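Student: Model the full structure from these sequences, guided by the hints.
Protein sequences, first through last, are from chains A and B. When we follow the numbering used here, the leftmost residue of the first sequence carries the number 1, and every step to the right adds one. When we follow the numbering used here, the leftmost residue of the second sequence carries the number 219, and every step to the right adds one.
Note that these hints are calculated values from the structure, not bench results. None of these values were measured; they are calculated from a predicted model. Do not take every clue at face value.
[Claimed, not checked] Residues from chain B that face chain A, not an exhaustive set, calculated with beta carbons under 8 Å:
1) 223
2) 229
3) 232
4) 233
5) 235
6) 237
7) 473
8) 474
9) 481
10) 484
11) 485
12) 489
13) 554
14) 569
[To be verified] With a cut-off of at most 20 Å between alpha-carbon atoms, the simulated SDA-like pairs for lysine to any residue come out as follows:
15) B:1008 <-> A:100
16) B:1008 <-> B:915
17) B:874 <-> B:732
18) B:874 <-> B:1008
19) B:874 <-> B:498
20) B:234 <-> B:549
21) B:1008 <-> B:875
22) B:1008 <-> A:80
23) B:1008 <-> B:878
24) B:234 <-> A:138
25) A:66 <-> A:80
26) B:234 <-> A:80
27) B:234 <-> B:910
28) B:1008 <-> A:138
29) B:234 <-> B:498
The C-beta atom is built at its ideal place from N, Cα and C for all residues, glycine as well.
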Amino acid sequence: MLIEVDGLEKAYGQGAERQPVLRGVSLGLEPGASLAVTGESGSGKSTLLHLIGLLDTPDAGEIRLKGETVTGLDDAGRALRRRHQVGLVFQQFNLVPSLTVEGNLALQARLAGQHDAEWIDTLADRLGLAAFRQRYPEQLSGGQQQRVAVGRALAARPALLLADEPTGNLDEETSDQVLDLMLELCADAGAGLIMATHSRIAADRLSRRVHLTGGRLS
Amino acid sequence: MIGTALATLVSHWRRKPGQLATLVIGLSLATALWTSVQAINAEARASYDQASAALGGGSVISLTAPEGRIHRSVWAQLRRDGWDASPRIEGELVLADTVFALIGVEPLSASTSQAMVGGGEGVGPAFLTAPGVLLAAPETVEGLAAHQADLPPVQASAQLPRGQVLTDIATAARLLDRGDQIDQIVINPDAREGLTPLAVLAPQLDRVETTDTGEVSRLTGSFHLNLSAFGFLSFAVGLFIVYAAVGLAFEQRRSTLRTLRALGTPVRVIVASLLIEAFAFALVAGAVGVLLGYGVASALLPDVAATLRGLYGASVSGELSVRPDWWLSGFAIAILGALGATAQSVRRAATMPLLASGQMRAWALASTRRYLLQAGIALALFALAALIPQLASGVLAGFALLASLLLGAAIGLPALLAGVLNIATRLVRGAVAEWFLADTRQQLPGLSMALMALMLALAANIGVGTMVSSFRLTFEGWLDQRLAAELYVTTRDDAQSDAVRDFLEARADAVLPIWSADSDIAGQPGEVFGVVDHATYRENWPLITARPDAWDQIAAGEGVLVNEQSWRRAGLALGEPVSLGEGATLPLVGVYSDYGNPNAQAILGLDGLVDRYAGTVSRLRYGVRVDPDEAQALTEALRAQFDLPADGVIDQASVKAFSLSVFERTFAVTGALNVLTLSVAAFAMFASLTTLASMRLPQLAPVWALGLTAAHLARLELLRAGVLAVLTWLAALPVGLVLAWALLAVVNVEAFGWRLPLHLFPMDWLRLAALAILAALIAALLPARALVRKPPREFLQIFAQER
Ligand SMILES: Nc1ncnc2c1ncn2[C@@H]1O[C@H](COP(=O)(O)OP(=O)(O)OP(=O)(O)O)[C@@H](O)[C@H]1O
Ligand SMILES: [Mg+2]
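Tutor: See the structure below:
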């Protein structure tokens, strides 16, 4: 198993304002497999992805990454695994505005000490970014920016790619292209993919699909 | 990893070179102002140390012969016997009808004799390396040049008093035709151990041992503290810029920081990167600042040296040397400032929640609670400032008062401005006016640092300006009173004194002896003067408080006047007995102001002085009342008749001119620092407005869409800068006046022992207001111009972009 999630619980707020979002979520993912998480707005998709991506800690439950229990790790421990194991694609791209496309592509790989210029070249070519490598994010369209975000997440060859509505800002055609690329690259690299999405069409392209309602998967 | 994180963070500056420049310039300016003050202080300190080292802890022995001249061989003998001795010649260089006082010293042993040259002027290295050269004040150089005499080359030195010419002993002997005769031997008694006593070696010579330089560093301490305080204020103003720039950079890089964290950069790596970055800024800005500071200090040092000499008789070289004390302190303060300004960003970066919005928030949120808190802190600081004089005394307490006053005013400013804008919002009508006020209020947090800096600079300007102008006004009046006599004559010895007095009695309207004796006055060492009963004193003497019959009692020998500083220090009341050493007392009949004198002083009737201090009275000086038109002729007659010392006859006008020029130069330094501080504040304003402008488009776009043209908006931006400048100036006015009051009535009394009346100079305030508005408008001009030129596309983009 690449990732195992067991009885995950998460609530926001304190006291009377306490609002449970996840009430015992369990799932598993094999290497090379892909999973779509659907659910209406506010159902907790992003929350779940943040927990699996080690950006946040759960109130209860356990996450195992490649067999290692990662819940309970301290901040530095989580940062280390994020750096080396996880690739993140955010809804708002989160590119570094002061770095060029090339700098953004290589950022995580450099941080992880796994910079591989050839692999970056390959990614840039396959994502159709070869012509824009020296541009800054503000000089790109939304779809181009999203492709940079995907490339950045894959540059360090993560075991797990997490994408939070990666196509939410894109038109249908572009969204299809980006999704194709993501699936293709994940398959080539043997990485697992978990993607949160509203879109049924997008969800259907993935190997498996779960639906989040009332804090539980169905 | 840290390299990548650092490179990612630093890449921000490549995209925002203006912001980078702001930061580095701000830090450099702050460092420069601080460093320049430190450099000046270090130079002065070194000069004091050098002087007291050369003088063996502040004393010097001078040998003179009763018959007038000493043969050179006596000096040579002393040198051979191991004494650190230096010869000196004094005489008159008569060129046509003009007389110059010529002083010859022996350059190689001049370290000792330097302190004796004309009462403490440093000679400077130029003299030591160029024998056969005459040194003189620039004005005197002109006078010398007018006589086409066969003189050695003449060089100007701002360190010499007018009319005096300094040269090496051989040249002096040749010009004065002295042969092997010298006037004086100056000896450093430090090295007397194991040597044949002077009494044995030169029994025929009179010995006078003087101790005067030990006091210098104590006396000048407050002056240097003053400068340091000013330097620190300038530094603080500069630091506002750095703080603002760093804060802005943090906000702009918030999303980058969050992305870095999300991609697995540990917090410690982020913190380390930010610290390394701050350190690099500090090193660069420190280097630039130290260089700039060197320049500023070099420019100011001659004035400072003149001030110190004029106020305290302290000799400070006019040339700045590079000393590790100050350049290290410059780097240290740059690093401290950079780290201090970065501290908050680092803390926020370390505690920033990973999932918080990466959207740039408009700096701190302007909440009513925050303003109330600021107002509370400001009031607490004002209360503290009011309490300090009751709780403590001393110069430090005075500066603590100033610090809490200024800090309180700075912290309270945004709250005050918000309050004013609130009230204004309720009073105005009209959509544009309401939007304008609301928008101004919204911008306050972003501008408050710059406005605080501007207010500090303005308050300091008003405060120091008021102090200086009050000082000058008082001082000029005082000089007129104190220097009522037209001529001041100093004689060589008692015999000459009697002869001069007889000579003058026949030719002048009145001869007023200025005889004196050293004495304890109310428990402090000081000098007692004896005066004759004369209208000059009755009409002119600057009494602060006195019994109506004061002068009658002085004349009758039944009372004493003391100067303000001993009056304040001893806490005396009129009528109280003043002890005058050895158990003698006289009732206090009056107090007079005595600016510029650090020591205690008292005035008795002349007979009383002679009776009480019989053996120790120095009877060498006279004030001479004479028709001003005849003063010049009388001076020449005196010089022709008697062999008077170098500065034996001084006319009132030149003493006044000299004293005033000393004070002008004193305040040239504060004036320069004032201007620099104000420019730093203007720069802070410019930096804030420029950076704010880049963030303000979202606020402006909706108004633009509703039909205000970009030009109209730009005009409103200019108006806003002007309005804020005026409001800030209004706030600075009372702060500056309290500052002036504190300087005159608290710090001055603690530092110098005298209090000055506060005079108001509203024209200066108006000029300052104009300057502030001008600075604000200039600062706002560039962003406003950019706004006018902004293509509509950019406004439209605001709506397209997701906020
Ligand atoms: N930091 C937070 N503090 C408090 N409540 C939060 C926080 N983050 C999320 N929530 C709440 O948790 C719930 C789940 O949020 P989450 O972002 O996971 O939903 P989502 O399924 O991703 O929604 P969307 O499809 O709109 O992105 C929402 O009700 C949200 O209001
Ligand atoms: Mg979401």
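Student: Evaluate each hint against the coordinates.
Tutor: Comparing the hints with the structure gives:
Satisfaction of the interface hint for residue 223 of chain B is found here, the shortest Cβ-Cβ separation to chain A being roughly 7 Å, below the 8 Å cut-off. About 4 Å separates the beta-carbon of residue 229 of chain B from the nearest beta-carbon of chain A, less than 8 Å, and the hint is met. For residue 232 of chain B, the interface hint holds, the least distance from its beta-carbon to any beta-carbon of chain A being 7 Å, beneath 8 Å. A hinted interface residue such as residue 233 of chain B counts as satisfied when its beta carbon comes closer than 8 Å to some beta carbon of chain A; here the least separation is about 5 Å, so the hint holds.
Because the beta carbon of residue 235 of chain B sits about 12 Å from the nearest beta carbon in chain A, more than 8 Å, this interface hint is broken. With a cut of 8 Å, the hint placing residue 237 of chain B at the interface with chain A is violated, because the nearest CB-to-CB distance is about 11 Å. Taken as an interface hint, residue 473 of chain B checks out: its beta carbon lies about 7 Å from the nearest beta carbon of chain A, inside 8 Å. Interface hint at residue 474 of chain B: satisfied, since its Cβ lies 5 Å from the closest Cβ of chain A, which is below the 8 Å cut-off.
Interface hint at residue 481 of chain B: satisfied, since its Cβ lies 4 Å from the closest Cβ of chain A, which is below the 8 Å cut-off. The closest approach between the C-beta of residue 484 of chain B and any C-beta of chain A is roughly 4 Å, which is under the 8 Å cut-off, so the hint is satisfied. For residue 485 of chain B, the interface hint holds, since its Cβ comes within 8 Å of a Cβ in chain A; the closest pair sits about 6 Å apart. Violation of the interface hint for residue 489 of chain B is found here, the shortest Cβ-Cβ separation to chain A being roughly 12 Å, above the 8 Å cut-off.
Violation of the interface hint for residue 554 of chain B is found here, the shortest Cβ-Cβ separation to chain A being roughly 28 Å, above the 8 Å cut-off. Evaluation of the residue 569 of chain B hint against chain A yields a violated restraint, the C-beta minimum of about 11 Å exceeding 8 Å. Restraint check for residue 1008 of chain B and residue 100 of chain A: not satisfied, since their Cα atoms lie roughly 25 Å apart, outside the 20 Å limit. The straight-line distance between the Cα atoms of residue 1008 of chain B and residue 915 of chain B is roughly 10 Å, inside the 20 Å bound, and the hint therefore holds.
About 18 Å separates the Cα atoms of residue 874 of chain B and residue 732 of chain B, which keeps this hinted pair within 20 Å; it holds. Under the criterion of a C-alpha separation no larger than 20 Å, the hint pairing residue 874 of chain B with residue 1008 of chain B is inconsistent with the structure, at around 61 Å. Annotation: proposed proximity of residue 874 of chain B to residue 498 of chain B is violated, straight-line Cα distance about 52 Å (limit 20 Å). A distance of roughly 25 Å separates the Cα atoms of residue 234 of chain B and residue 549 of chain B; the hinted pair therefore is violated under the 20 Å criterion.
Taken as a hint, the residue 1008 of chain B and residue 875 of chain B pair is broken in the structure, with Cα atoms around 58 Å apart against an allowance of 20 Å. Distance restraint check for residue 1008 of chain B and residue 80 of chain A: the Cα-Cα separation of roughly 45 Å exceeds the 20 Å cut-off, and the hinted pair is therefore not satisfied. At roughly 55 Å between alpha-carbon atoms, residue 1008 of chain B and residue 878 of chain B are farther apart than 20 Å, so this suggested pair is violated. For the proposed pair residue 234 of chain B and residue 138 of chain A, the alpha carbon gap of about 14 Å is at most 20 Å, so the pair holds.
A distance of roughly 14 Å separates the Cα atoms of residue 66 of chain A and residue 80 of chain A; the hinted pair therefore holds under the 20 Å criterion. Between residue 234 of chain B and residue 80 of chain A the alpha-carbon distance is near 31 Å, which puts this suggested pair outside the 20 Å criterion. A threshold of 20 Å between alpha carbons decides the hint, and for residue 234 of chain B with residue 910 of chain B the separation of about 13 Å falls inside it, so the pair holds. Between residue 1008 of chain B and residue 138 of chain A the alpha-carbon distance is near 18 Å, which keeps this suggested pair within the 20 Å criterion.
Taking the CA atoms of residue 234 of chain B and residue 498 of chain B, the gap is about 17 Å. The hint holds against a cut of 20 Å.
In this structure, the hints that do not hold are numbers 5, 6, 12, 13, 14, 15, 18, 19, 20, 21, 22, 23, 26, in rising order.
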